[in-house]
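Each chain is listed here by its residues.
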Amino acid sequence: MKQLIDQVKTAISEGKTLRIEGGNSKAHIGRATECSETLSLRDHTGIAPYNPVELVMTTKAGTTIAEINAELAKHGQFLPAECPDFDGSATIGGTLAANCNGAGRPFRGALRDLVLGCYLINGKGEHLRFGGTVLKNVAGYDVSRLQSGAMGTLGVIEEVSFKVLPRPAMEITVSKTCSAEDAITTMNKLAAGSTPLSASAWVNGTLYLRLAGAKTAVEAAMAQLAMREEDAEVWASLNTLWQDCATEGRYRLSVKSTAAPSGHAQIINWGGAERWVSSDATLAQMQQAAAKMGGEARWIGAAREDEVNPALPDALKALHKRLKQSIDPRGVFNPGRLYSWN
Amino acid sequence: MNLVPQTHSTESVAKDLAAVVPPHTLIADTETQVVYECDGLAMYKQPPMITVLPESVEQVQAVMRYAHQSGIPVVARGGGTGLCAGAMPHAEGILLSLAKFNQIQHIDPLARTAVVQPGVRNLAISEAAKIHNLYYAPDPSSQIACTIGGNVAENAGGVHCLKYGLTVNNVIKVEMITIEGDEVVIGSEGLDSAGPDLLALMHGSEGLLGVITEITVKLMPIPERMQVVMAAFDDVTKAGNAVGAVIAKGIIPGGLEMMDHFAIVAVEEYLQAGYPTEAQALLLCEVDGTPAEVEEHIAAVTQVFEQMGATSVRISQSEEERQLFWKGRKNAFPAVGRLSPDYYCMDGTIPRSQLANVLLKMAEMSERYGLRVANVFHAGDGNLHPLILFDANIEGQFETTEEFGGKILELCVEVGGCITGEHGVGMEKIRQMFTQFSETELTQFHAIKAAFDSANQLNPGKGIPVLKNCQEYRSVGGA
Ligand SMILES: Cc1cc2nc3c(=O)[nH]c(=O)nc-3n(C[C@H](O)[C@H](O)[C@H](O)COP(=O)(O)OP(=O)(O)OC[C@H]3O[C@@H](n4cnc5c(N)ncnc54)[C@H](O)[C@@H]3O)c2cc1C
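Those protein sequences? They're chains P and D, same order as listed. For the first sequence, the positions run 1 to 342 when this note's numbering is used. For the second sequence, the positions run 1001 to 1479 when this note's numbering is used.
Bound conformation, chain D alone (with noise of 0.2 Å):
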C-alpha cells in the first residue's frame, strides 16, 4: 500500500481544518493530545498530528472529505480501551474522536431497540435500557470505559457471547461515512437486507472501511433470573473436561468462564471474591432465565460438575453474590496486573478439546522465556486470554514477551484456532496475520480495503499487514 507522502505541517491542516470544522472542535499543542497518543496497549504510542471531536456528522463529513482531498490518513478513537494498538494515532494523521457523539438517541422498548451515537459507552446502553426492562448482551470486561462505535469496530464480545453473541449478532444497522465523506446506511430496522452482507463486514473491520456515526442495537429482555455456579478443580484438564460436558447436557450457560490457579490466586488477594486458592482451575457458569428454568439447570450443572471431579461447589445464594463472583472475573486483567510493573494481554482462540494441551505447552513456554503468564479464558467459547507478566523496565523484556506472545497465538492456529477472538488485530498482530493467512488471502483483503478507501487513508497500516514484509516476518518467525 502507498504510504500517504508527509507534506503537511500541523499548522497548515489545523488552519484548514478551521475552516470546515469549528475551532474548539481541534487539538493541535503536543500536551493535551498526550491523551491520545495509545490505546489500552499503552507498549505501543505514537502522538498524532492533530485531534479533531466533531460534534455532528456533517463534521465528521467535513473532515473526511477535507482529509481525502489532502491526502491525510484519519484514525477514529471511540473510548481507547482497544488492545491492539488498533486506535494508535498516525503520525502524520488526523485523529477523529467519536467522544462527544454520546448521545442516544431513542429506546423502543416494545421493537427492543436503541438507536445511539457511536461514543455511547457500552454499558451506558444497559443502564438506559433498564427501566424498560432490557439490556445491550454483550458485555466486555471493559465495557464501563469502551464505546459501541469500538465494539462494532472490532467485534467485541464479552462474556456472555456463547449464549448472546457477538457484537455482530446484536447490532441491526449503522450509518456510516466513507472517507469521501458520503454517508452510508447499512442494514435496517428490520433483520436482514438484500444483497451481501456489509453490515458482517464492517463489523471487526477496525476502523478501516469508514467511520460509523450511527448504531441501532437489539435489546434483550432482563432474565428474571440469573444464577452463577462456581466449581473448582485440582487440575485444568478436568475442568476443561466439566465444560465439555455442560454443553453434552444440552445447557447452553449464559456464561462460562475459567481462570487458572494463578489468575485465581491474583484475584483472591485484589479484591477477596471468595475464590478458593487452592484450586487449580476455577469455573464460572452462569445460568439464565425463568425462576423455574433457572432452578432446573443450576442443578444440572452442579451435579455435572460434581461428576466431573470438583472438589468444590458454591451456587450464589443473592444477586449480591453473583455479582462478588463475576466481580473477581471482570477485574482479572488489573488483579494479575498488580503483581509486575507490566501485563501483556494475548487473545488466542482454541477448539476447547485442545485446552489441556495448549495450556501445558504455554506452561513449557513460560518456563523457556521466564515469564509468568496467568490464564483467563471465555472457556464457553475457547477464548483464552493468557496474561505476560513483564517488566517494561528490564531493557528487552518487551521484545521478549512480545516474541513469547505470538508464540502463544501461533499455537493456537497450530491447533486449529485463530490469533483473536475479540480484541483485533490493529498494530500489534500484524506479524500474526502471516501465520493465519495466505498471501494470497491477504491480497484480497486489501482489495476489500480498496473498494472502501481506495487511497488507503483509514486507520493505514493497521489489521492487514503489507506485502512487502511478509518474508521479513515469516523467517523472523521462523527462527
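The shape of chain P in the complex, shown without the other chains (with noise of 0.2 Å):
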C-alpha cells in the first residue's frame, strides 16, 4: 500500500498522470487516454478474514472477482451483483469503477448498492476511509458508492467492503421463443407480480426467465410458466457482453426497463433495463434514442478518442468538474478516461 501512495505522491510531485489499472480487463471501457505511467493494482490482493454470518466482506482492490466467488461459494454465500469476470481478470476495484454488473442486477442490485465502504487514494495521495464495514452506515458523503461509474477518475480504490448474500436454495432457468416486444411485456409483468423472478432477458428470438429461491416457491413458478427448462449458460453469456466489445464495440443503452425496442439488432438484458445494440449510429442519434427510451446510451468498445458517454447539461457538467477538483485537484488519475473535458 506504501508503494502505492508514493507512486501517486510522486507523480503529483513531478506533474505526472497515472493509468490506474486493475486486470487490465476493461481496457477497451472509456475513452482512450494518454497517461505518463500505469497504476497497477494487479497485486494488490487479499480477502480480509472473513465471518460469512456477518454477510459482509472486505477485499483488496486487486483481488479477482473469481476470487471472490471461489471464497463466497465454500460458504454457500455469492455476491448479488453477479459481475462480469473478464475470464478471471477483472479485480474488484475495476469492476466498481467501471460500474459493471450482471444479469440479477435489477432484482438484487448492483455492485454500487452492496458497496459498504472504502480506502481511496486522493489525488493529493492521501489514504482515506469512507464508509465501514458493518451493513449500515450514513456518517460523512457516501464517497464510497460515489466511486461507482467513477472509471477512477475520483481516486484510487484501494480496499472495497461489500454486502454478501446466502446463494438462493435453487435456481432454474426457463425459455420461450417470442418477439421482443412480447418479452418486453411478459419480463415487466412478471417482475410486478409474485414470480421469484432473479434475471431475464430476451436474445435471439428467445426469452429467458431464471427463477430463484426457496424450492417450493421455484417449483410453483414453473409449474405456472410452463415454459421449457434451460441450462444456465445464458447468463454467463450476458456476461461476457462486455468483454466481447473489446472486438465488436456495441452501444449498451441504459432505459426504463418497458420502453418499446428501438429498431436495431439487439439484446435485451435486466427485464428490459438494459440493451445491448450493435448500430452504426453516432453517440449522439443512439442518445437521442436512449433520452426518448427514458434512460442514456454508452458506447463500449474500442477505446476511442471521442466521447463515449453522453453529454451532460451544463450545471451538470460543471458539477462533475468541480467533484473531479476535489478530490483529484491536479488531475492526475485517469485523466479524460469518462469525459474528454474531465
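Worth flagging that the hints you see were computed from the coordinates, not collected in a lab. Treat the hints loosely; a few may be bogus.
[Unchecked claim] Dumping the calculated DSBU-like pairs for lysine-lysine here, alpha-carbon to alpha-carbon at most 30 Å:
1. K321(P) / K1468(D)
2. K1100(D) / K1130(D)
3. K215(P) / K1468(D)
4. K1238(D) / K74(P)
5. K321(P) / K1045(D)
6. K189(P) / K1407(D)
7. K1468(D) / K2(P)
8. K1238(D) / K317(P)
9. K1173(D) / K1100(D)
10. K124(P) / K1163(D)
11. K1238(D) / K1407(D)
12. K1173(D) / K292(P)
13. K317(P) / K124(P)
[Stated by the list, open to error] A few chain P residues facing chain D, derived, Cβ under 10 Å:
14. P106
15. D113
16. K124
17. G131
18. R167
19. A169
20. S179
21. K189
22. T258
23. E296
24. L316
25. L319
26. P329
27. R330
28. G331
All residues carry an ideal CB built from backbone N, CA and C; glycine is no exception.
Taking the hints as your guide, dock the two standalone chains into a single complex.
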C-alpha cells in the first residue's frame, strides 16, 4: 500500500498522470487516454478474514471477482451483483469503477448497492477511509458508492467492503420463443407480480427467465409458467458481452424497463432495462433514441478519442468538473477516461 | 468554513423575498415559526430568521438564487421527523419547507416506479401504489410523518432494509436545485448512468448539497404472504446468536428485529402486543414471498429459534396478528418514552457478532451514568437504537445523557461499527464524526461540499464538523 501511495505522491510532485489499472480487463471501456505511467493494483490482493454470518466481505482492490466468487461459494454465499469476471481477470476495484454488473442486477442490486465502504487514495496522495464494514452507515458523504462509474477519475480504490448474500436454495432457467415486444411485456408483468424472478433477458428471439428462491416457490413458478427448462449458460454469455465489446463495439442503453424496443439488432437484459445494440449510428443519435426511452446510451468498444458517454447539461457538467477537482485537484488519475473534458 | 455574516434584518429579507415569491408563502413572525424550531430531536432548538413554503420548482429556484446572491443560509425541511437536528433552522437563515410539494405525480405500474414530490409522506406512496399491488419498500418507523425528500437526505432505513435495502437502493432518479438555483437531474428511468454515482452521493447528504424537488422511486410487488415469528429468549447473547443462525441457514428475512427486556416490558404496558414480559430478549422475524416459500421458511426459522434456546416461539396466525406484533416494535420509541419525561435515541451500528459485548458494556455505562437504557435493534443489519431515559428538567441531566450517548457511539466505532446507521449526523453527532473520521477525511468531505456549495450556505454547521473544533472535541472526548 505504501508503494501505491508513494507512486501517487511522486506523480503529483513530478506533474505526471497515472493510468489506474486492475486486471486491465476493461481497457476498452471508457475513452482512450494517454497517461505518463500506469498505477497497477494487480498485485494488491487479499480477502480479509471473513465471517459469513455478518454478510460482509472486505478485500483489497486488486482481488479478482473470480477469487471472491470462489471464496464465497465455499460458504454457500455469493456476490448478488453477479459481476462479469472477464475470464478471471476482472478485479473488484475495476468492477466497481466501471459499474459492471450481471443479469441479477434489477432484482438483487448492482455492486454499488452492495458497497459499504472503501479506502481511497485521493489526488493528494492521502489514504482515506469512507463508509464502513457494517451493513449500515450514513456518516459523511457516500464517497464509496460515488466511485461506482467514476472509472478511476475520483481516486484510487484501495480496498472495498461489500454486502454478500446466501445463495438461493434453488435457481432454474426457463425459456420460450417470442418477439422483443412480447418479451418486454412479459418480463415487466412478471416482475410486477409474485414470480420469484432473479433475471430475465431476450436473446435471438428467445425470452429467458431465471427463477430463484425456496424450492417450493421455484417449483410452483415453473409449473405456472410452463416454459421449457434451459441450462444457465445464457447468463454467463450475457456477462461476456462486456468483454466481447473489445472486438465488436456496441452501444449499451440503460433505459426504462418498459421502453419499446428500438429498431436495432439488440440483446435485452435486466428485465428490459439494459439493451445492447449493434449499430453504425453516432453516439449522439443513439443518445437521442435512448433519451426517448427514459435513459441513456454509452459506447462500449475499442477505446477511442471521441466521447463514449452522453453529453451533459451545463449545470451538471460543471458539478462533475468541480467534484473531480475536489478529489483530484491536479488531474492525476485517468484524465479524460470518462469525458474528454474531465 | 466561513460563517455567513449577519447583515440582514428579517424585515429586509421578507421584503426581498416577497418580490420573488408570493407573499403568502412567507412566514416571518416568531409565533408561527415556533413549529419549525426543531426536528424530532427537540433538545436542539433554534427559530429561523424566516420560513418559506414554496409551491413550485420555480419558486424554489427563486429563493435559492436570492439566498445565493445575498449570502443567506438555507435549511431544507421535510416532515421534521429527523432525529439528528438536521432540519434545525439557522438563526440567520431561510427555512425552506417542502411541505407543499405533496403530490404523487405519476405511478407506472408496469415499470414499477413512482414519480413523487419531496414532501410526499413515505407511507402515502405505498398507499397510492396499493391498487397496483405494489409498495415502496423502505419503511422507517416514522413513515406516517416523514417525507421522501427527508428520506433521501438521510438515506433512511427501516425494519425491512436487510432484504430490500435503504433509500439509496430504492431511488433511481432525483431532480435537485443547486444553491445557484440551477435545476440538475441525477439518474434516469434506467438503472444506471455513466460517470460517478452522484445519485448515491445525494443520499444521506443531509440537505448540504442541494434541495431535492422530485424523486423517482422503485416500487416492489406486495409479497403474496407475510408472516412473523416471535421468539423469546432468556438471554440476549442467545438471541444474538439466533439471528446469525437464521442467516447461516441461507434465509434473508424481510425484517429481523430485536428488543431487550426493558423495551419489551415498556411496549407491552403501552399497547398489549402480546409480548412475553419475562423475556430478556425478543426477536421478530418476518418472512415474505409466495405462500409455499413462506411456509418453508417459517418452519426453518422456527426450528432455528428452538435449537438456539428460545423459551417461547409464536407464529402470527392472521394479518391482524402480524400487524399487532409489528405495532409493538414500531411504537417502541413512544412506549419507552412514556416511562420517563424525556428519552434520547441513539443510532450506532455494529458487527452483529459484537452484540452481546456491546450490550454488556452499555449496561455497565448505564450503571455508571445512573441513566436507564432500553434497546431496540435492527438485528438483521446490526443497527442499534439504545434509548436513554432522562429528565430534561433536572439540571445537567441532558448533558450527562449526551455524554453517555456519545460514549455508546464511540464504543460502536471501537468494535468496528459506525456512529449512525440511518438517522444521520446533523447537528447532534458532529462531535462523534471525529471518532469515525480523520482530519484528512473530514477535509475531503469539505472539499466535496465546496464542489456543490462553495460559500457553505446549504445547511451550514451540520453533517461535517468544522476542523478548528477538532482539538477541543477530541480533548473533551478523552476526558
Ligand atoms: C418515532 C421516529 C421513528 C423513526 N424511525 C426511523 C427509522 O426506522 N429509520 C430511519 O431511517 N429513520 C427513522 N426516523 C428518523 C426520521 O424519520 C428520518 O430521518 C426521515 O428520513 C426524516 O424525514 P423528514 O421528512 O422528517 O426530514 P426532516 O427531519 O425534515 O429533514 C431531515 C434532513 O433532510 C433534509 N431535507 C429534508 N427535505 C429535503 C429536501 N427536499 N432536499 C434536501 N434536503 C432535505 C433536512 O435539511 C434535514 O437535514 C424516526 C424518527 C422518529 C421521530
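Results for each hint:
1. Pair hint K321(P) plus K1468(D) holds up; C-alpha atoms about 28 Å apart against a cutoff of 30 Å.
2. With a C-alpha separation of about 23 Å, the suggested pair K1100(D) and K1130(D) falls inside the 30 Å cut-off, and the hint holds.
3. Restraint check: the Cα-Cα separation between K215(P) and K1468(D) comes to about 58 Å, which exceeds 30 Å; the hinted pair is violated.
4. For the hint pairing K1238(D) with K74(P), the CA-to-CA distance comes to about 26 Å; that is within 30 Å, so the pair holds.
5. Straight-line distance between C-alpha atoms of K321(P) and K1045(D) comes to about 37 Å, which puts the hinted pair past the 30 Å bound.
6. Distance check on the hinted pair: K189(P) and K1407(D) sit about 50 Å apart at the alpha-carbon level, beyond 30 Å; violated.
7. Between K1468(D) and K2(P) the alpha-carbon distance is near 29 Å, which keeps this suggested pair within the 30 Å criterion.
8. Between K1238(D) and K317(P) the alpha-carbon distance is near 53 Å, which puts this suggested pair outside the 30 Å criterion.
9. Straight-line distance between C-alpha atoms of K1173(D) and K1100(D) comes to about 20 Å, which keeps the hinted pair within the 30 Å bound.
10. Annotation: proposed proximity of K124(P) to K1163(D) is violated, straight-line Cα distance about 38 Å (limit 30 Å).
11. For the hint linking K1238(D) to K1407(D), the alpha-carbon distance of about 25 Å falls within 30 Å, and the restraint holds.
12. With a C-alpha separation of about 16 Å, the suggested pair K1173(D) and K292(P) falls inside the 30 Å cut-off, and the hint holds.
13. Note on K317(P) and K124(P): the hinted pairing holds, with a Cα-Cα distance of about 23 Å set against a maximum of 30 Å.
14. Against a cut-off of 10 Å between C-beta atoms, the interface hint on P106(P) holds, since the closest Cβ of chain D lies about 6 Å away.
15. For the restraint placing D113(P) at the interface with chain D, the shortest Cβ-Cβ distance is roughly 5 Å, inside the 10 Å limit, so the hint holds.
16. A least Cβ separation of about 8 Å between K124(P) and chain D falls short of the 10 Å threshold, and the interface hint therefore holds.
17. The closest approach between the C-beta of G131(P) and any C-beta of chain D is roughly 8 Å, which is under the 10 Å cut-off, so the hint is satisfied.
18. Interface restraint check for R167(P): the shortest CB-CB distance to chain D comes to about 7 Å, inside 10 Å, so the restraint holds.
19. A hinted interface residue such as A169(P) counts as satisfied when its beta carbon comes closer than 10 Å to some beta carbon of chain D; here the least separation is about 6 Å, so the hint holds.
20. The restraint placing S179(P) at the interface with chain D is violated, with a minimum CB-CB distance near 17 Å, outside the 10 Å limit.
21. Interface hint at K189(P): satisfied, since its Cβ lies 7 Å from the closest Cβ of chain D, which is below the 10 Å cut-off.
22. The interface hint given for T258(P) is met, as the beta carbon of that residue sits about 4 Å from the closest beta carbon of chain D, less than 10 Å.
23. The beta carbon of E296(P) is positioned within 10 Å of a beta carbon in chain D (closest approach about 6 Å), and the interface hint is therefore held.
24. Taken as an interface hint, L316(P) checks out: its beta carbon lies about 5 Å from the nearest beta carbon of chain D, inside 10 Å.
25. A cut of 10 Å between beta carbons decides the hint on L319(P): the least distance to chain D is about 7 Å, and the hint holds.
26. Hint status for P329(P): holds, given a least beta-carbon distance of 8 Å to chain D, under 10 Å.
27. For R330(P), the shortest C-beta to C-beta distance to chain D is roughly 13 Å, which exceeds 10 Å, and the interface hint is violated.
28. Of the supplied interface hints, the one on G331(P) is violated, with its beta-carbon coming no nearer than about 14 Å to a beta-carbon of chain D, more than 10 Å.
Hint compliance for this structure: hints 3, 5, 6, 8, 10, 20, 27 and 28 are not met, and every other hint is.
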